[in-house]
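Listed here are the chains, written in short residue letters.
There are 2 protein chains.
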Amino acid sequence: MAALARITHKAHLPFPASTTTTTPSKPRAARICMSLQENGPSLAVVGVTGAVGQEFLSVLSDRDFPYRSIKMLASKRSAGKHMTFQDRDYVVEELKVDSFEGVDIALFSAGGSISKEFGPIAVEKGTIVVDNSSAFRMVEGVPLVIPEVNPEAMEGVRLGTGKGALIANPNCSTIICLMAATPLHRSAKVIRMVVSTYQAASGAGAAAMEELELQTREVLEGKPPTCKIFGQQYAFNLFSHNAPVLSNGYNEEEMKLVKETRKIWNDSNVKVTATCIRVPVMRAHAESVNLQFENPLDEETAKDILKNAPGVVVIDDRAANHFPTPLEVSNKDDVAVGRIRRDVSQDGNYGLDIFVCGDQIRKGAALNAVQIAELLL
Amino acid sequence: MAALARITHKAHLPFPASTTTTTPSKPRAARICMSLQENGPSLAVVGVTGAVGQEFLSVLSDRDFPYRSIKMLASKRSAGKHMTFQDRDYVVEELKVDSFEGVDIALFSAGGSISKEFGPIAVEKGTIVVDNSSAFRMVEGVPLVIPEVNPEAMEGVRLGTGKGALIANPNCSTIICLMAATPLHRSAKVIRMVVSTYQAASGAGAAAMEELELQTREVLEGKPPTCKIFGQQYAFNLFSHNAPVLSNGYNEEEMKLVKETRKIWNDSNVKVTATCIRVPVMRAHAESVNLQFENPLDEETAKDILKNAPGVVVIDDRAANHFPTPLEVSNKDDVAVGRIRRDVSQDGNYGLDIFVCGDQIRKGAALNAVQIAELLL
Chain Z
1 MAALARITHK AHLPFPASTT TTTPSKPRAA RICMSLQENG PSLAVVGVTG AVGQEFLSVL
61 SDRDFPYRSI KMLASKRSAG KHMTFQDRDY VVEELKVDSF EGVDIALFSA GGSISKEFGP
121 IAVEKGTIVV DNSSAFRMVE GVPLVIPEVN PEAMEGVRLG TGKGALIANP NCSTIICLMA
181 ATPLHRSAKV IRMVVSTYQA ASGAGAAAME ELELQTREVL EGKPPTCKIF GQQYAFNLFS
241 HNAPVLSNGY NEEEMKLVKE TRKIWNDSNV KVTATCIRVP VMRAHAESVN LQFENPLDEE
301 TAKDILKNAP GVVVIDDRAA NHFPTPLEVS NKDDVAVGRI RRDVSQDGNY GLDIFVCGDQ
361 IRKGAALNAV QIAELLL
Chain B
1 MAALARITHK AHLPFPASTT TTTPSKPRAA RICMSLQENG PSLAVVGVTG AVGQEFLSVL
61 SDRDFPYRSI KMLASKRSAG KHMTFQDRDY VVEELKVDSF EGVDIALFSA GGSISKEFGP
121 IAVEKGTIVV DNSSAFRMVE GVPLVIPEVN PEAMEGVRLG TGKGALIANP NCSTIICLMA
181 ATPLHRSAKV IRMVVSTYQA ASGAGAAAME ELELQTREVL EGKPPTCKIF GQQYAFNLFS
241 HNAPVLSNGY NEEEMKLVKE TRKIWNDSNV KVTATCIRVP VMRAHAESVN LQFENPLDEE
301 TAKDILKNAP GVVVIDDRAA NHFPTPLEVS NKDDVAVGRI RRDVSQDGNY GLDIFVCGDQ
361 IRKGAALNAV QIAELLL
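Sequences listed follow chains Z and B, in order. Be aware that the first sequence starts at 1, since it is given in the UniProt record's numbering, and climbs by one per residue. Be aware that the second sequence starts at 1, since it is given in the UniProt record's numbering, and climbs by one per residue.
Hints in this document: simulated from the structure, not taken from any laboratory. Hints are supplied without guarantee of correctness; some may be wrong.
Identical copies look the same in the list; a pair holds intra-copy or inter-copy alike.
Here are the simulated lysine to any residue pairs, SDA-like style, with alpha carbons at most 20 Å apart [stated by the list, open to error]: (1) Lys271 - Ile191; (2) Lys307 - Gly249; (3) Lys189 - Gln346; (4) Lys96 - Gly112; (5) Lys303 - Ser247; (6) Lys271 - Asn349; (7) Lys271 - Gln292; (8) Lys259 - Val344; (9) Lys332 - Asp64; (10) Lys163 - Arg186; (11) Lys271 - Arg192; (12) Lys228 - Ala319; (13) Lys332 - Gln232; (14) Lys116 - Gly126; (15) Lys271 - Asp347; (16) Lys96 - Ala79.
Same shape as in the complex, but just chain Z (with noise of 0.2 Å):
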């Protein structure tokens, strides 16, 4: 990481979080003991060194996640490296076919195609894997979990009975786009829902911010920017996202939203289309959200679902221009709504335009993923 990622505490800085928690106010003691403990589960977390890697770790301690143990792996590359986690120290393994002998939980964020090599390795001795990588799903019969949204989805996963299986955790601008899409869907129905999405770097690795911050950097002194992740310069720049392209003229990314809102809501009728863009910003993405209801559902009302609906938070104050930023997200758990208003190009209360953003690698991404190892304990 650049040098100026160490520095996380000052609230411009839009850099990533270290390890270390991001609630002080709570007694580090005291969460040690309540995580570290006899009965909790065996964890692994595969990928510890890459962004979310990291930030499972920062999660797992803010939330006092308890476990009894916890592998960290990693490639070869990391393989050996030391790193200190609630005030122990831990030597990174290398991922391997009997990495997950005894352990419970599995943690993945190491890419698909490590996913969908070690995923069912895991499996196969017992181990319940929540993926972070999109290997596995669109399977069938793999739940695709958001906790506050389909947390019914897991139901027959359990821990202590020796049954390992595969849980995926969606994409990030699924998971940001559905959380505050879903509680208006739940009271009107989404019929279609049109997104277009500010996607920050983070979603690209750590290596990407890292990019992101140098070519600033080169190009604020007047030198050329180094283009090695992207191809292409993305300081005071934006492109459409990196992902491929595929027949329909849609890239991946954009199919994500669209193939895992239906999954999600369980609904094979809904609508969506998405245009994904990489915009200047570290860690948090934002998301246009234009939708259209079956039933109506006025302004007021959508308002306050958004207000009551867990793990959301409304920022809309009209008269002050204070609206949801990725800045304002970042670190944080909560996805932020705003901009809440009828759609003036539809007809009566069918439709509303939103704005959300929401932390990239917390909620979505390790957030979401050990709040779906929450239902298992």
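Given chain Z, put chain B in place with the hints provided.
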């Protein structure tokens, strides 16, 4: 303008063009001869020291706009400054009631209140005013013109009649959106349009661009950012457009897209919704546009239509993941369109998603205004 603004010839620098030409291949002397000529109209540029004012000069020069004289007008604060235009020295004059004596065409970009005060005074003197502010856009009888879209709206406005007139330049977001949407509208009739914008700093003026640059330096140095223009951090962040929010929850920028589209298309039934967002980009806007048509329009036909549309360039290479970016259109005249695809959320060929980028200062303001003036010649 900040230090970096001077080195705009480097492609990776996202800062505004100076008044020097961006097409150095044309011999400079030839252009001066063509531009400054006895039988050309007399011009005035109001707000000449601003970002758009400077770009007026650049565009007039690039396009060999003929003139027999040109007055540089600005506020008292800027009066007396010297500036060079086409190798001649000019002194900036204070804008006054008698400034328009003998002026045939005045290009205004000094804000709405200046336009409201001095626009009618100029018209009274027989001047044709091309106004870049929002002051007169929605006034009945005032043509609101994108030359490639609705030149017919200017019928009856002519030079040499001694009769003054007001012509309004549309809002930058509207111009950039409609440059791409109109050719498709002409073919299949747009009935509804959902727009999400990614707007550059330049829309808020040169000072906003400087602040974005300054803030970015500050954040990279670990300092708190200077927040004078927008009141919040812009560097590595984005936020809902700073225009005032109206009672319907839309901000003024969004309602411009809604209302100006209806006026320009002369279609009071077209339904438009918009969410306008400022992103940390210097001088070109991007827009994600979802279109619903009355008649079917397939993807390939749409591409062909756009390829043949005046002032539009198609950048749509799916294999190379190469689509329009703000940086690529900066200092360019053409609006770029890409991500042209059938909307999977609509049945048949009744919907398309597109992504549009255009230089906010150029086609979004100065170029469009000069093109309007060219229609008068």
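How the hints compare with the structure:
For a Cα distance limit of 20 Å, the shortest separation of Lys271 from Ile191 qualifies both inside one copy, at 6 Å, and across copies, at 18 Å. In the homo-oligomer, the alpha carbons of Lys307 and Gly249 lie at most 20 Å apart only across protomers (17 Å), although the nearest pairing inside one protomer, at 37 Å, exceeds that limit. In this assembly of identical chains, Lys189 and Gln346 lie within 20 Å of each other by CA distance both inside one copy and across copies; the values are 15 Å within and 17 Å between. In this assembly of identical chains, the alpha carbons of Lys96 and Gly112 lie at most 20 Å apart only when taken from the same copy (16 Å versus 67 Å across copies).
In this assembly of identical chains, the alpha carbons of Lys303 and Ser247 lie at most 20 Å apart only when taken from different copies (15 Å versus 39 Å within one copy). When the C-alpha separation of Lys271 and Asn349 is checked against a cutoff of 20 Å, the pair qualifies both within a copy, at 19 Å, and between copies, at 15 Å. With identical chains, the CA atoms of Lys271 and Gln292 are at most 20 Å apart both within one copy (10 Å) and between copies (14 Å). Proximity of Lys259 to Val344 under the C-alpha cut-off of 20 Å is restricted to the inter-copy arrangement: shortest distance 11 Å between copies versus 28 Å within a copy.
In the homo-oligomer, the alpha carbons of Lys332 and Asp64 lie at most 20 Å apart inside one protomer (16 Å), although the nearest pairing across protomers, at 55 Å, exceeds that limit. Taking identical chains as interchangeable, the C-alpha atoms of Lys163 and Arg186 are never at most 20 Å apart, the minima being 33 Å within one chain and 61 Å between chains. Proximity of Lys271 to Arg192 under the C-alpha cut-off of 20 Å is found in both arrangements, the shortest distances being 4 Å within a copy and 16 Å between copies. In this assembly of identical chains, the alpha carbons of Lys228 and Ala319 lie at most 20 Å apart only when taken from different copies (19 Å versus 43 Å within one copy).
For the identical chains of this complex, Lys332 and Gln232 are inter-copy neighbours only, at 18 Å across copies versus 30 Å inside a copy, given an alpha-carbon limit of 20 Å. Taking the shortest alpha-carbon separations for Lys116 and Gly126, only the intra-copy value of 16 Å comes in at or below 20 Å, while the best inter-copy value is 75 Å. Taking the shortest alpha-carbon separations for Lys271 and Asp347, both the intra-copy value of 19 Å and the inter-copy value of 10 Å come in at or below 20 Å. Proximity of Lys96 to Ala79 under the C-alpha cut-off of 20 Å is restricted to the intra-copy arrangement: shortest distance 11 Å within a copy versus 74 Å between copies.
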